[in-house]
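*Asks:* Chain by chain, the residues:
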Amino acid sequence: MSNAQVEVVAAVAEAYRRDWAKVLSVTVQMTRDLDLAEECAQDAYAQALQTWGERGVPDRPGAWLTTSARNRALDVMRHDSVFRRRMPLLVADEAVQGPEEVLDDDRLRLIFTCTHPALSTDAQVALTLRLVCGLSTPEVARAFLVPPATMAARITRAKKKIAAARIPYRVPGPDQLEERVGAVLEVVHLIFTTGHTAPFGSHLVRRDLTDSAIRLARLLHLLMPADAEITALLALLLLNAARQETRMAVDGRLVLLSEQDRSRWDRPLIAEGQSLLTEALLRRPPTRYALQAAIAALHAEAPSWADTDWEEIVSLYEVLHRLWPSPVVELNRVVAVGMRDGPQAGLDALSPLLAEPALATYGYLSATRADFLRQLENWPKAAVAYEEALALTDNEVERVFLTERLTEVSRNL
Amino acid sequence: MAKYMILIYGDAEQWDAMTEEQWQAHNAGHAAFVAKAGIRFLDGQQLETAPTATSLRADAAGRIHITDGPFLETKEGLGGYYLLEAADLDEVLELAKLLPELNYTHSGVEIRPVVEHG
Chain A
1 MSNAQVEVVA
11 AVAEAYRRDW
21 AKVLSVTVQM
31 TRDLDLAEEC
41 AQDAYAQALQ
51 TWGERGVPDR
61 PGAWLTTSAR
71 NRALDVMRHD
81 SVFRRRMPLL
91 VADEAVQGPE
101 EVLDDDRLRL
111 IFTCTHPALS
121 TDAQVALTLR
131 LVCGLSTPEV
141 ARAFLVPPAT
151 MAARITRAKK
161 KIAAARIPYR
171 VPGPDQLEER
181 VGAVLEVVHL
191 IFTTGHTAPF
201 GSHLVRRDLT
211 DSAIRLARLL
221 HLLMPADAEI
231 TALLALLLLN
241 AARQETRMAV
251 DGRLVLLSEQ
261 DRSRWDRPLI
271 AEGQSLLTEA
281 LLRRPPTRYA
291 LQAAIAALHA
301 EAPSWADTDW
311 EEIVSLYEVL
321 HRLWPSPVVE
331 LNRVVAVGMR
341 DGPQAGLDAL
351 SPLLAEPALA
361 TYGYLSATRA
371 DFLRQLENWP
381 KAAVAYEEAL
391 ALTDNEVERV
401 FLTERLTEVS
411 RNL
Chain B
1 MAKYMILIYG
11 DAEQWDAMTE
21 EQWQAHNAGH
31 AAFVAKAGIR
41 FLDGQQLETA
51 PTATSLRADA
61 AGRIHITDGP
71 FLETKEGLGG
81 YYLLEAADLD
91 EVLELAKLLP
101 ELNYTHSGVE
111 IRPVVEHG
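Here the protein sequences line up with chains A and B, keeping their order.
Each step along the first sequence adds one to the number in my numbering, with nothing skipped, and position 318 is 318.
Each step along the second sequence adds one to the number in my numbering, with nothing skipped, and position 83 is 83.
By construction, these hints were calculated from the structure, which means they are not laboratory data.
Restricting the straight-line Cα-Cα distance to at most 20 Å, the calculated cross-link-like pairs of lysine to any residue (SDA-like) are:
| no. | chain 1 | residue 1 | chain 2 | residue 2 |
| --- | --- | --- | --- | --- |
| 1 | A | K160 | B | A2 |
| 2 | A | K161 | B | R112 |
| 3 | A | K161 | B | A2 |
| 4 | B | K36 | B | K97 |
| 5 | A | K161 | B | E116 |
| 6 | A | K160 | B | E110 |
| 7 | A | K161 | B | E94 |
| 8 | B | K36 | B | L93 |
| 9 | B | K97 | A | P174 |
| 10 | A | K160 | B | H117 |
| 11 | B | K97 | A | E178 |
| 12 | B | K36 | B | N103 |
| 13 | A | K160 | B | M1 |
| 14 | B | K97 | A | E179 |
| 15 | B | K3 | A | P88 |
| 16 | B | K75 | B | H106 |
| 17 | A | K160 | B | P113 |
| 18 | A | K160 | A | A149 |
| 19 | A | K161 | A | E38 |
| 20 | A | K161 | A | R180 |
| 21 | A | K160 | B | I111 |
| 22 | B | K36 | B | P100 |
| 23 | B | K3 | B | E94 |
| 24 | B | K3 | B | E110 |
| 25 | A | K161 | B | L7 |
| 26 | A | K161 | B | A87 |
| 27 | A | K160 | B | E116 |
| 28 | A | K160 | B | M5 |
| 29 | B | K97 | A | P172 |
| 30 | B | K75 | B | Q46 |
Put together the whole structure using the sequences plus the hints.
*Replies:* Written out as structure tokens, the structure reads:
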């Protein structure tokens, strides 16, 4: 490829990342048919590769693509008189110029439609990745380790439900907004955590997913800057992403937070996360994501694992647990207790969780217990706990780490 | 506008065990639902419980078999329905949340869009 061609391909790729949601959502508003809009948006990007190569990259690539997709849709709808829809038209309001405080953005309509509570969580995540983030169906399938045909069927089924049950293409009204934003954020958070610790496979982190989640959170923050819960989630994602590169060694080994090279953490990202967090904390009482972000910020600020403000982290986990009771949150609090008061205190705090049914197959519980026992030099029990953790973990990178620890402990037996 | 069927499901034993006062409150809830639905209400009825049902099925030879009981034997049976006309699912969801079946854990409702022909 010539330099000019390389530039065009890069410009189209950049416009895809930045503008896909806009191009698609505006086209959906016009066609009121998700499939037709998707085809037209894809055609517009294919056309851009050719036209931009001949005439240069336009000043406003997003606007060019949107116009091109809309023209393509108009063409199909005007000329193809036999064009028959497989599904009923989406219910969409006419785009009207409302008062300033009314949220009127096509991308928000698309996001709220994809995360409607009448769709299953699986379907919400798949649709959001496909339609809002622009991942291809095989890419979405790979992220969740299902065959492409299964994912394609899941997406088709969800689109059919949106059309047939008339899930509206609309930003919910003020009385519904908080609840619906909560559902959107859950999807974004789920996409990030799935990418952050890929549950299976040989990669610990899936950048396609964590990047998609961060772009979504940034978009939501841009469109709804006054929403403290969105601000807090964006802060949380940035603070976690800042450490992403140091979580795996060059040989693919898992590196625990305690062992990570803190000089390689992304400082500008941490600074951005901290400033967003400060903004989000102005709202009282603090929300779930704000508390999680505050904990992440304390880790990001600490000069070392040992010199972390464990006192503060324990109390933040206590507040979080009251607000959002979850055995996983409790387990994290126990880890912090172990750091503050020593491994025996940690082990004592852990014991009530051993009977918790929700954690019965949770590998981190065994791994945490194993680590306390290892620090207490109780080698036989530590070995058993590491074996348990290994049996419960499917992620290859984590398995390598646990096997190493087991070998180390077994040497002392 | 589109039509939606709201199917009301619940445990008939629990419905049968309700007191007169509970039924009065329950019926008041349905009256409030119908009032709120206004012109969107097209039809709605309470059904006799599952033991009164009669089901018909055909076998491979085309013979029709009549059986005593509901088509599907489930703990929670169909107890009634509403037929509504609404602009979209959100409108129906808002209305359906008012239904008194949602005051109990044994009962609930299912919303099904009606197929439009033509």
